[in-house]
Each structure stands twice: as C-alpha cells, then as structure tokens.
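> In order, the protein sequences belong to chains A and B.
Quick note, in the numbering used here, the first sequence goes up one by one and the last residue is 584.
Quick note, in the numbering used here, the second sequence goes up one by one and the last residue is 727.
Hints in this document: simulated from the structure, not taken from any laboratory.
There are no misleading hints in this set.
Just the calculated beta-carbon pair ranges, DEER-fashion:
1) A:529 with B:617: 14 to 22 Å
2) A:485 with B:681: 43 to 51 Å
3) A:545 with B:676: 35 to 43 Å
4) A:572 with B:613: 17 to 25 Å
5) A:528 with B:727: 40 to 48 Å
6) B:621 with A:582: 17 to 25 Å
7) A:540 with B:627: 42 to 50 Å
8) B:626 with A:485: 47 to 55 Å
9) B:641 with A:582: 38 to 46 Å
10) B:667 with A:482: 41 to 49 Å
11) B:726 with A:528: 40 to 48 Å
12) A:527 with B:727: 40 to 48 Å
Some chain A residues judged to face chain B by a derived CB distance under 7 Å, without partners named:
13) 511
14) 572
15) 576
Owing to the predicted nature of the structure, the values given are computational and were not obtained by experimental measurement.
All C-beta atoms in this analysis are idealised placements derived from N, C-alpha and C, irrespective of residue type, glycine included.
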Amino acid sequence: DTGVSQDPRHKITKRGQNVTFRCDPISEHNRLYWYRQTLGQGPEFLTYFQNEAQLEKSRLLSDRFSAERPKGSFSTLEIQRTEQGDSAMYLCASSRRGPYTGELFFGEGSRLTVL
Amino acid sequence: AQSVTQPDIHITVSEGASLELRCNYSYGATPYLFWYVQSPGQGLQLLLKYFSGDTLVQGIKGFEAEFKRSQSSFNLRKPSVHWSDAAEYFCAVGFNTGTASKLTFGTGTRLQVTL
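Pulled out of the complex, with its shape left as it was, chain A reads as follows (with noise of 0.2 Å):
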C-alpha cells in the first residue's frame, strides 16, 4: 500500500475565493470518504463514494460544497465562495471492496485556513 495521498496539505485563501483538494485512495479501494475536522473535534463525515457513485452526503455538505470521483479512482472536493467557517482539515479516507470492516485508511488531510 501506498497510503491515501492528499493535495495540497495546506491551503491558504481569502473568504470568497474557490478551492479545490484532491484525494488519491489507495489503489486496490473502491470505496472513497471525505470527513471534515475542526479544532478540538473529531472527525466528521462529509460524503462518501463507491467506485464513482456518490452514496451518502452530510448534511454538513452545504451546497457550496461537491465532491466528485469521475472515474472512479482519485476524488476532488471543491468549496465555493469561501467563507472562514470553512476552515478545517479536510481528511479523505479509503476502504477495501468486499464485507464490512469497518477499516478506515486515512489521508495526511489537507488543512484549510480561510481569511
């Protein structure tokens, strides 16, 4: 495995502006999730992906929000119109196909930080 790989693994932008991350799984994953992390919280489930359907979505996930995994493999998520709520570490975690594990294999998290 070469882990869950995210990028950038920082972000610095004015409130209003557009942002995108990116998300590579581990390759042999079909199942894809962002999660949302602010100070002092846990992680929190933002969305989640088989293969490049969008099963679930948050209702964290404001319409600002899309997330997408085209063909299946890597995954964007982009923020529209920045606002400094939006400030967070923006984990992405992946999952082995077959029965449940449970197991999730999470990404370094791409920081956020919304002026």
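Use these hints to put chain B onto chain A, whose structure you have.
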C-alpha cells in the same frame, strides 16, 4: 442517532505507567466500535476494533480495549506507556449500511507522556 463521548480532553501520564482512555457511546443496537490514533503530521490509524464476540480486543502497539454493554463503554488501555504513544486518540462508532464504513467519532483525548 449514534454519538460518542470521550470525557477526557487531555491526559498526562509518565512513561512506563498504565493508561486508560474512556469512551462511552450511544446507539440503539450493538455498535461496531473503534479506536483510532492521530499523531502529528500523520493520518488517523486504526488501533483496534470490536464487532462481536470476545469483549476484550487486542490491537496494535500493545493496546487493548474492553467492550462493556451494561456501561455502553469501550475504554482503551495500555499497561505501560511509551513516549512514542503521545498522540490524539479517537473513539468511533460505526454501523454497516451494507456498503459504507461510515464512522462517528468522539472529540478525542490528547495524550501527553512525560519522561
């Protein structure tokens, strides 16, 4: 909805001392329970998990956890802490939707180890 409570925000122990991190959950059925560790600059890593069966589960790095249904608890323990165990620890509860490994995390406990 399921929830996870980690009552201790910060714990300090001496190297070589024993450790217990508390976790309580709220869920209508028997949950799937997990402990993850997050070290600075690294992604979340699974320490151990409980699905069913023996209520005492062993994990990596010498950690163990005990599921107590009557107390809705899943406390993490280690008999002798090493300085490298300093990190943030997250308890999580999951449920099998048939496809997703969606997890609900607690707010975490930061462990400091003194030499």
